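Can you build the whole structure from these sequences, using the hints too?
There are 2 protein chains.
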Amino acid sequence: MWESNVRRVTPYTPGEQPKTSNLIKLNTNENPYPPAPGVLKALKDMDYTSFRKYPDPTCDLLVSAVSDTYGIAKDRIFTGVGSDDVLAMAFLTFFNGEREILFPDVTYSFYDVWAELFRIPYRQVPLKEDFSIDPEDYKVPNGGLVIANPNAPTGLKQPLSAIEDIVRANPASVVIVDEAYVDFGAESAIPLIDKYENLLVVQTFSKSRSMAGMRVGLAFGQPKLIKYMLDVKYSFNSYTMNMPALILGAEAVRDTQYFEETVAKVVATREWTKKELCKLGFEFADSSTNFIFAKHKTVERDYIFSELRKRNILVRAFNAPRTKDWLRISIGTDEEMRAVIAALEEIIKSENNSV
Amino acid sequence: MWESNVRRVTPYTPGEQPKTSNLIKLNTNENPYPPAPGVLKALKDMDYTSFRKYPDPTCDLLVSAVSDTYGIAKDRIFTGVGSDDVLAMAFLTFFNGEREILFPDVTYSFYDVWAELFRIPYRQVPLKEDFSIDPEDYKVPNGGLVIANPNAPTGLKQPLSAIEDIVRANPASVVIVDEAYVDFGAESAIPLIDKYENLLVVQTFSKSRSMAGMRVGLAFGQPKLIKYMLDVKYSFNSYTMNMPALILGAEAVRDTQYFEETVAKVVATREWTKKELCKLGFEFADSSTNFIFAKHKTVERDYIFSELRKRNILVRAFNAPRTKDWLRISIGTDEEMRAVIAALEEIIKSENNSV
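Protein sequence lines correspond, in order, to chains A and B. According to my numbering, the first sequence is numbered sequentially starting from 1. According to my numbering, the second sequence is numbered sequentially starting from 1.
These are calculated hints, taken from the structure and not from any lab test. The structure presented is a predicted model; accordingly, all values stated were derived computationally and were not measured. Treat the hints with caution; some may be incorrect.
Said to hold, decoys possible - Simulated pairs of lysine-lysine, DSBU-like, Cα-Cα distance not exceeding 30 angstroms: (1) A:Lys324 <-> B:Lys53; (2) B:Lys19 <-> B:Lys41; (3) B:Lys310 <-> B:Lys295; (4) A:Lys44 <-> B:Lys324; (5) A:Lys310 <-> A:Lys265; (6) B:Lys19 <-> A:Lys227; (7) B:Lys74 <-> A:Lys53; (8) B:Lys53 <-> A:Lys274; (9) B:Lys19 <-> A:Lys44; (10) A:Lys19 <-> A:Lys324; (11) A:Lys324 <-> A:Lys295.
To be verified - Example chain A residues on the side facing chain B (calculated, C-beta under 10 angstroms, incomplete): (12) Glu3; (13) Asn5; (14) Arg7; (15) Tyr12; (16) Gln17; (17) Tyr33; (18) Ser50; (19) Tyr54; (20) Asp60; (21) Gly80; (22) Val140; (23) Gly143; (24) Asn170; (25) Val174; (26) Phe259; (27) Ile341.
To be verified - Okay, the calculated beta carbon distance ranges per label pair: (28) B:Glu187 <-> A:Met1: 23 to 33 angstroms; (29) A:Asp45 <-> B:Trp272: 30 to 40 angstroms; (30) B:Thr256 <-> A:Thr69: 36 to 46 angstroms; (31) A:Thr69 <-> B:Ser21: 23 to 33 angstroms; (32) A:Lys41 <-> B:Glu260: 27 to 37 angstroms; (33) B:Lys265 <-> A:Asp45: 24 to 34 angstroms; (34) B:Thr256 <-> A:Arg338: 30 to 40 angstroms; (35) B:Pro171 <-> A:Thr69: 50 to 60 angstroms; (36) A:Ala73 <-> B:Glu187: 26 to 36 angstroms; (37) A:Glu261 <-> B:Trp272: 50 to 60 angstroms; (38) A:Glu129 <-> B:Ser4: 52 to 62 angstroms; (39) A:Lys41 <-> B:Thr333: 26 to 36 angstroms; (40) A:Pro159 <-> B:Thr49: 20 to 30 angstroms.
C-beta atoms are modelled at their ideal positions from N, C-alpha and C, and glycine is treated no differently.
Pasting the structure below:
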């Protein structure tokens, strides 16, 4: 039967994208602010007749804009359809050995999905009790490493020295550092790519650049590493990035001032939210991202989740053994977060009174 | 060393996308006409603030538009980032056996690249001398089949009865029918999907719908087949289609009248071009596509190619043993084709005089 040849997988479950608009949507770590104004202008100027042609397979317009903004040569930059596409290509390119790849037990839950998809052996290394990473755990034989910094869904960052420690200890493996949230408060490992040819740093336009809907992801590494990934990419799909992604992505990355202002606003809102959550009896790892991973000291997670949902506030709940008591709350606008805190206050008060 | 784990591949080489505009570009089978007018309107109406959110992972807007236009239920439709993405996902999903997959020796040269990428054993079945397919060649044990109809780069179509013959004879294999060019003159196998659960029909918006720059591809099959592909897709990237691809793709497929007019214009120009090429001493398989695969009876292929290039006309030349004497000329506007024929006339005359 043809079905005996089918690749059977358990896909990643993305956060809900509800079609109702009457909702405070804090479940997928989207940026509450629109993309840079240049994106609007480029959208209005876009020539629809050009769509009849194939886009540039080298993505030069976008790669050049990234190169200018980051001050990194073009042959050290890879672009993909969101960082998911970049990470999938990196797994496919670099993790083909017999030895297992390693990543934390609590981290982005797509890593094990890619490993399963490509039949890559893997082991999930337990984070410490406080959700931090012990670099010593990654100084064992392995076929590759994946470290999210800051980590998700915990929000916790590692100092760059810990990342470098791991990269330095593993010259025989490619180390992927997934920096989806780095702009909100951690130090990027990009400066280390000159020093370590086994380091691949992955970033995304989906969070700090407000371009989740455009699907733009990046990787940085030495030219040899990037070339291997490009060979795999060109063996998968010659033209992964469509014209709007190239044209509008370039505008989104060029506007450094808007980027910094937006990130600063999200960070300020996050810090205010932390204080309020504290007052309400929540505990959480100290977030360096655009979300907070929190647990209430007395009130049950699922109760809070469903009470928020009743009030048209959508947050994210994972169900793995170590995440099943926690809520992941994305940082929205000040107004949205005031509404969330008011709702939580009401939920927790009524529950405490009922006990 | 980390390099010992790298997946080493020889990528597909897409046709050149030159940055100069002063060129008659007939090398990548693009449509000479712009997308449907609804695409322009939807582009102008697009809300850039929505880009901060993730796109709908189910691609419902686009899938619904395809469903309406084709009269096919939504659970029988898969969408991807161009038909290359759709085909890559199909290879990854369905071809995991020990037995080799089969496809013609002269066909879309990405099939063997995907097979190599995913380490799928394969065998290239020689086309007959006239470039036609013998269905009997595909009635042997195999792990899957890929048939382009019409075939590329030959341009030759098979009757639907030959396709059905192959699908019927292979209930133990998934048969992919790649219909990238079907709208220009062949009969689609889509009506057969109800009858055969092992049939996957792949189409693209890049040719007949003038949307190469937007990267939209389709597959049609029974819900079980589509579900297997979706599982793999969601294990690779939750959101492959960005917002412009969903919104503008839906507009491109809805306008049936524009589509039919555009295709009819390309077909009329192709038929005129065939007659002119005949007069100039070219031979070619009878094309049912938006290109002609032609060889001159006396003048060498590479000479014609480079003389056209000197005149700012870009066509495509492949270099496999059975394609190295042939030119693939995409069908442009009437004006472009008149210029090509005039240039060829000059090239052939001067070469014949010099002999």
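Item to complete: Could you work out which earlier hints the structure fails to respect and list their numbers in ascending sequence?
Response: 4, 22, 26, 27, 34, 36, 38 and 40
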